[in-house]
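The lines below spell out each chain.
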Amino acid sequence: MDSQTTKPILTVQRVGEDLLQVGLTGEWIAKAGLPGFDSVEKVFTSGPGPVKAMEFQTTELGRWNSGLIAFVVKCFELCKQHKAEFRAQTLPAGVSALLQLSQAVPEKKDAVRGDEKSPFFEHLGLIVIGLSKGATEMLTFVGESVVSLGKLLRKTAQFRWSDTFLVMQECGPKALGIVALINFLIGMILAFVGAVQLQQFGAAIYTADLVAIATVREMGCIMTGIIMCGRTGAAFAAQLGTMKVNQEIEAFRTFGFSPFEFLVVPRMLALILMMPVLVLFANLISIFGGFVVSTWMLHITPMLYINRTIQSVTLTSFLLGIFKGTYFGVVIALTGCLRGMQCGTNAAAVGLATTSAVVTGITVIIASDGLFAVICNALGI
Amino acid sequence: MKTNGNHIMIEIRDLTMAFGSFVVMRDISTTIRQAEIFIIMGGSGCGKSTLLRHMIGLKSPAKGDIFYDGESFWRMSDNARQQKLRTFGVLFQSGALWSSMTLEENVGLPLGEYTDLSPAEIRDIARLKLALVGLKGFEEFYPAEISGGMCKRAGLARAMALDPDVLFFDEPSAGLDPISSRNLDELILQLRDSLGATFVVVTHELQSIFAIGDNSVFLDTNTRTMRAQGNPRELLNNSTDPYVREFLTRGEAKQKRTEAEAAAV
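Taken in sequence, the protein lines are chains A and B.
Counted from 1, the first sequence has number 876 at position 123 by the numbering used here; the numbering is strictly sequential.
Counted from 1, the second sequence has number 403 at position 263 by the numbering used here; the numbering is strictly sequential.
If you're looking for bench data, these hints aren't it; they were derived computationally from the structure.
We treat Cβ as the ideally placed atom computed from N, Cα and C, and that holds for glycine.
Mixed in with the good hints there might be a few duds.
[Unchecked claim] Once the Cα atoms are required to be at most 27 Å apart in a straight line, the calculated BS3-like pairs of lysine-lysine come out as: (1) A:K904 with B:K199; (2) B:K199 with A:K886; (3) A:K904 with B:K224; (4) A:K805 with A:K836; (5) A:K886 with B:K203; (6) A:K908 with B:K224.
[To be verified] Simulated restraints on C-beta separations: (7) A:V900 with B:Q330: 52 to 58 Å; (8) B:D218 with A:G983: 34 to 40 Å; (9) B:G160 with A:A846: 47 to 53 Å; (10) A:F874 with B:V163: 23 to 29 Å; (11) A:G847 with B:T171: 48 to 54 Å; (12) A:I931 with B:I319: 23 to 29 Å; (13) B:N219 with A:V1030: 36 to 42 Å; (14) B:D303 with A:A888: 39 to 45 Å; (15) B:T363 with A:G800: 36 to 42 Å; (16) B:D218 with A:G878: 31 to 37 Å; (17) A:G883 with B:D303: 28 to 34 Å; (18) B:V163 with A:T995: 30 to 36 Å; (19) A:T995 with B:L268: 26 to 32 Å.
Let the sequences and hints guide you as you build the complete structure.
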């Protein structure tokens, strides 16, 4: 404990007609309990005539820091406002020096950020312009990706297989754990929900059909798509965004390299190659989840369950799921890379890019899955 | 010092730089000769780096053009510009090394893409370039594993990978200690003398400016255009512009003035 600490005390009094004396005693260290400025202002404005000068008594002033300076600056501004003389002579030399420093550069009025509200129509117009700009960028990006893939097929694309293999490892084998866990649980949930309903009709055996068809056509690819979007799409956006912040993407450009071919193509290729495998794996695990629930809780014999599954899954449904999964892979790579490349040049922008990649990715996945359902229905698939 | 004729390497003609409707700098015209070390200087945020970005094809001018060997850089076809870019080397402020590659791969990548060298030859050249900047033994390191100064030097090795005709440096000494910064200056001079390359350096490090600059342009935020050009040492001695003098003397010109005023009071 610091026993020498003395309480800061402020005394304000008017001497004669027009002099205001401000007495400062004790330690003026910035922390709770410093006397407020209000009393100075009150005495300053309350007297019979206007105050012409302000002076300080500092003989018993102890240690001080910014707490005192902030107080003195307020006094100074009060004097300036009322055109009173500010006598700084008795203040400690450091205080008047810092006071001068704080007044050295005049306040920049137009630098204050105005929260001006733009009129409704201007706001609306800006939103529309922003949307159309975003759409153009997205289309350009898709177009560029098609061109790059074409170059890849003609073997003229500048890119490194080693990068592709690294990304493949990252988004393939390393994602197996989470894909397995989620799809196993989804399979179990499907089986539970189905069984409860189907048992009412004594048709519990059709749980196998339900799980198999739902998984292979929809749930397997959609769940894998969403998992990979959150896992890999976000990673792509963060990687590319950080590369942008670090000027690495500009470094590609200045060498005449296409950042698109170097960065986007390996990622897209990796997901195109890995997603079908992941979806196949997800399908198997999910059906296994249903199998566990059905055999343990509904007492369906394993052979029967397997037979029903094999009978219910057609090649068309199976291929549809795999195709959709691959398509979702392209979506994830594109949205992740697009948001990464659009990223601004600071840390907050990387966060935004990552968020936006996941939001865009999941939205596009779900929306296009709906579209696929409609198309399949129309075509009778 | 070696003078390599009077061949004009780069010409900037009436260049206006803008972000949307916000004009950063207007009417910049200057010429850069071969084997010259050309300094772009000016206060913070005045558009030095933006000018550099225009010169290396990262940002297109609002008006005016840049000519390399008499050819318009911004009016040539995209392919021709890509070709031109390969004769440049750029050192970014923080090095901008590709973080997923080792130093050797960083230097070797351009060689692999643009030359017919065998992988073994690429390795040799990459190692040589790294040795030139004093990074022998760090070939297998990743950029995250070395210090900022080393990243910058590795960035220089990468910029030199294709033996460029023009090397662009964005604030080479920012964030370096005085000795490293001095060594980098020496390296630039050596490279100029031995390779005959042209250097364009963005900097506001006065010691560097006087140590290496043959020619310069001074950009000013307030008037939004260039305020002076010429050899920085001559500018220091001969410029009549108080603002340029103040900059080149680290504000001493102004300080003397204020001291005189204070003494008078």
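Right, here's what the structure says about each hint:
no.	hint	verdict
1	A:K904 with B:K199	holds (26 Å)
2	B:K199 with A:K886	holds (19 Å)
3	A:K904 with B:K224	holds (22 Å)
4	A:K805 with A:K836	holds (8 Å)
5	A:K886 with B:K203	holds (23 Å)
6	A:K908 with B:K224	holds (23 Å)
7	A:V900 with B:Q330: 52 to 58 Å	violated (43 Å)
8	B:D218 with A:G983: 34 to 40 Å	holds (37 Å)
9	B:G160 with A:A846: 47 to 53 Å	holds (49 Å)
10	A:F874 with B:V163: 23 to 29 Å	holds (28 Å)
11	A:G847 with B:T171: 48 to 54 Å	holds (53 Å)
12	A:I931 with B:I319: 23 to 29 Å	violated (50 Å)
13	B:N219 with A:V1030: 36 to 42 Å	holds (39 Å)
14	B:D303 with A:A888: 39 to 45 Å	holds (43 Å)
15	B:T363 with A:G800: 36 to 42 Å	violated (51 Å)
16	B:D218 with A:G878: 31 to 37 Å	holds (33 Å)
17	A:G883 with B:D303: 28 to 34 Å	violated (45 Å)
18	B:V163 with A:T995: 30 to 36 Å	holds (31 Å)
19	A:T995 with B:L268: 26 to 32 Å	holds (30 Å)
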